[in-house]
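A.B. asks: Heads up: the protein sequence lines correspond to chains A and B, in order. Its first residue numbered 4, the first sequence is counted upward by one per residue in my numbering. Its first residue numbered 4, the second sequence is counted upward by one per residue in my numbering.
Check before you lean on any hint, since a few could be wrong.
Any copy, or any two copies together, can satisfy a pair, since identical chains are not distinguished.
[Unchecked claim] Under the rule of at most 20 Å between Cα atoms (straight-line distance), these lysine to aspartate or glutamate pairs were calculated in the EDC-like manner:
(1) LYS396 x GLU218
(2) LYS207 x ASP292
(3) LYS207 x ASP163
(4) LYS306 x ASP276
(5) LYS207 x ASP160
(6) LYS396 x ASP225
Please keep in mind that the hints were generated in silico from the structure rather than gathered at the bench. Owing to the predicted nature of the structure, the values given are computational and were not obtained by experimental measurement.
Number of protein chains: 2
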Amino acid sequence: MIEDHRAPAVTHMVWYKIGAADETAPHSGIAHFLEHLMFQGTHSLAPGEFSATVEALGGNDNAFTSWDYTAYFQRVAADRLDVMMRMEADRMRGLNLTEEDVATERQVILEERSQRTDSDPGSLMGEQMRAAQFLNHPYGRPIIGWRQEMEQLSRQDALDFYKANYAPNNATVVVAGDVTPEEVKALAEEFYGPLAPSENVTRKARPQEPPQLAERLMMTDDRVSQPSLSRSYLAPERDPGNQRQAAALTILAEYLGGNPTTALMARKMQFEDPVAVYTGAAYDGTSVDDTTFGLYAVPLPGKSLADVEAALDKVLADFLAQGIDADDFARIKTQIRAADIYARDSSRGLAQTYGESLTVGLSIQDVQDWPDILQSITPDEVMAAAQSVLDRKASVTTWLSQTEEAAQ
Amino acid sequence: MIEDHRAPAVTHMVWYKIGAADETAPHSGIAHFLEHLMFQGTHSLAPGEFSATVEALGGNDNAFTSWDYTAYFQRVAADRLDVMMRMEADRMRGLNLTEEDVATERQVILEERSQRTDSDPGSLMGEQMRAAQFLNHPYGRPIIGWRQEMEQLSRQDALDFYKANYAPNNATVVVAGDVTPEEVKALAEEFYGPLAPSENVTRKARPQEPPQLAERLMMTDDRVSQPSLSRSYLAPERDPGNQRQAAALTILAEYLGGNPTTALMARKMQFEDPVAVYTGAAYDGTSVDDTTFGLYAVPLPGKSLADVEAALDKVLADFLAQGIDADDFARIKTQIRAADIYARDSSRGLAQTYGESLTVGLSIQDVQDWPDILQSITPDEVMAAAQSVLDRKASVTTWLSQTEEAAQ
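I would like the entire structure built from these sequences, with the hints used as guidance.
C.D. replies: Now the structure itself:
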């Protein structure tokens, strides 16, 4: 519960500790499909009535699925939190699916896949890249699902997944806004309290990665507007009570490619000896299992992906040899502190942060410690993390080229 | 039943329609582990007594696990078939495992992995290559298992897999040798007849591949005695009643790299313009799901893997442009016919062929039709199969280099 009385509104979120990486084969996409189906009817609500009710109250609602969680949220006037809890509690236990609703919604997710993935060469390559990055772990699977498996997802698959995973003892409720803890507790007891827990709903251990022994290069050409180079490395995630390496990687990503003009990759590859028009690095350690550390670059017109990769490799090699610049390091620490302070200003953002973190197994203490841990990281820790993670044997590099036709 | 009265011996095989590709995550290696554990005791036999009995009868026995099957065989004097059937029927239903036996045998399979895989860079790379070839299908999993999952395999995992999959209605018995069909039928009815079938033991559909959109290149160096280049392409398997494309691929593999001195790759890459000391192609369509078509080459001393790959790509491009040489095609047909006739001479080999084929879903008719289908394949069918399968987007290419240290 995050109290915030600046506006008479409340954000209500229910986070289930279940996501695409918890699906069993060959049902990829079922976690996301079920997220859609949760807006169909229950024994008390007609299909679509949930969102219509939120809208009628002047609020908005949505839901999202990741590899590690499925979450539902609404933002409404603070005095309507009771209605949200009543409806979320209702669909936590009372989902009612007809074959027809399932068939219709299956068309919706297939269309979503067509639009967001199948018609976007960059997105398709990202999907193939993840599948090549993870040799055994289900993080290699697309959240939306492989099309041929999505086509087979049935009402029974959805109900089985729902019954096995949706339960009050597998969910976290996060409320942020213009209410008091006492009010929230009373409402939660009224609406969620009566729901009986389920047995065996804790997250099962997923298949883990074997040692990765050989870098993978993937090359394709397509009608893309921009050619690009992507590289991802297998990287550790934040662990409860043990977040320093992930914090060091968070700083490393900022240092290498956080800021589009001042980060190391931008300075070296866009300005000093230009081969790229855009560079970036990405790392998010908030996950259940080992995740990825990503680098990205778009070549300057006239420069090849080979030029870009050679420049990137030189930036990394020089960085590993020469270490961190003290001024840049201090600047990044300041940026991170500022970003954290801005983030605290959004109760909805904080709700998201707590909800996600608790759902992947971190504690409230871990979340509260995180800003100080980031500030306490030393250059040596960043270099040690870089030496450990920037291991080509555990990496995938993708060259997404333009077809000759598209380049003309 | 394959009658063969040339020697007073009999081969007895039991093939279970269960293999490594039917394992559920994260239990890779359980099919193979169970194969080992089947030589532990039953309620009637002490641990090791099975093989000791075979040996005391002057016979030999063994077992093997693939992605699609687990099979047990013995070769003994023909008048001891009854003993083999009694013991196989016994362990089909009566396996008895102690925690201690399981712990000991787990050490055995881990040691087997150490010896055959972990200490062999080529084998390790083959494993990583398969994992990169299959983005979703469990053929990407090593039969022996990923080490970290093998270490966790428990007695209960083995018993669960055994109970779910070992049953008379999920097995094929093949007998070859100096017995009559009537004798075999009577013995089978006596020993296997009383075993009650299990419910739900038919093979479940496995996760299938999504479209593969980008070739993968994998590079590593290690202390190998020989550097090598491997490429595998996703390829269709033999389907019941529909074996022509697989037959064309079988001929294609022979044409490209079957014979170490006369095949196309050998002629072009070892003799006309030498870059390699060894070349080969491999395809075996006897599987449940899509499999691989493989090419392999070892560079001449002084030639790089890049030289070898360039030469290989030229061989393939010229082949696809120019088509098949009629004399070579005729020669290969003759070789295949001869190999088939030789194979018919071995009743044990025939038992293997029928056992494997029936276990992956082919019929006796499919097996009997196969030699004639191979002979009836036209050059056009081979070229069509080559055009379809030699698609770099569905391929993985591996460069296994020598470390500088090892090369000295």
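A.B. asks: For the identical chains here, do LYS207 and ASP163 meet the 20 Å Cα criterion within one copy, between copies, both, or neither?
C.D. replies: Cα proximity of LYS207 and ASP163: in one copy and across copies (16 Å, 17 Å).
A.B. asks: Within a copy, between copies, both or neither: which one fits LYS207 and ASP160 at a CA-CA cutoff of 20 Å?
C.D. replies: For LYS207 and ASP160, the Cα distance is within 20 Å both inside one copy (18 Å) and across copies (15 Å).
A.B. asks: Checking LYS207 and ASP292: alpha-carbon separation at most 20 Å within a copy, between copies, both or neither?
C.D. replies: Answer is within: at 12 Å inside a copy they meet the 20 Å cutoff, but 28 Å across does not.
A.B. asks: Please sort LYS396 with GLU218 into within, between, both or neither, judging by C-alpha distance up to 20 Å.
C.D. replies: both (4 Å within a copy, 17 Å between copies)
A.B. asks: Between LYS306 and ASP276, at a C-alpha cutoff of 20 Å, which is it: within one copy, between copies, both, or neither?
C.D. replies: within (12 Å within a copy, 34 Å between copies)
A.B. asks: For LYS396 and ASP225, with the copy left unspecified, which applies at a CA distance of at most 20 Å: within, between, both, or neither?
C.D. replies: between (27 Å within a copy, 12 Å between copies)
Hint compliance for this structure: no hint is broken.
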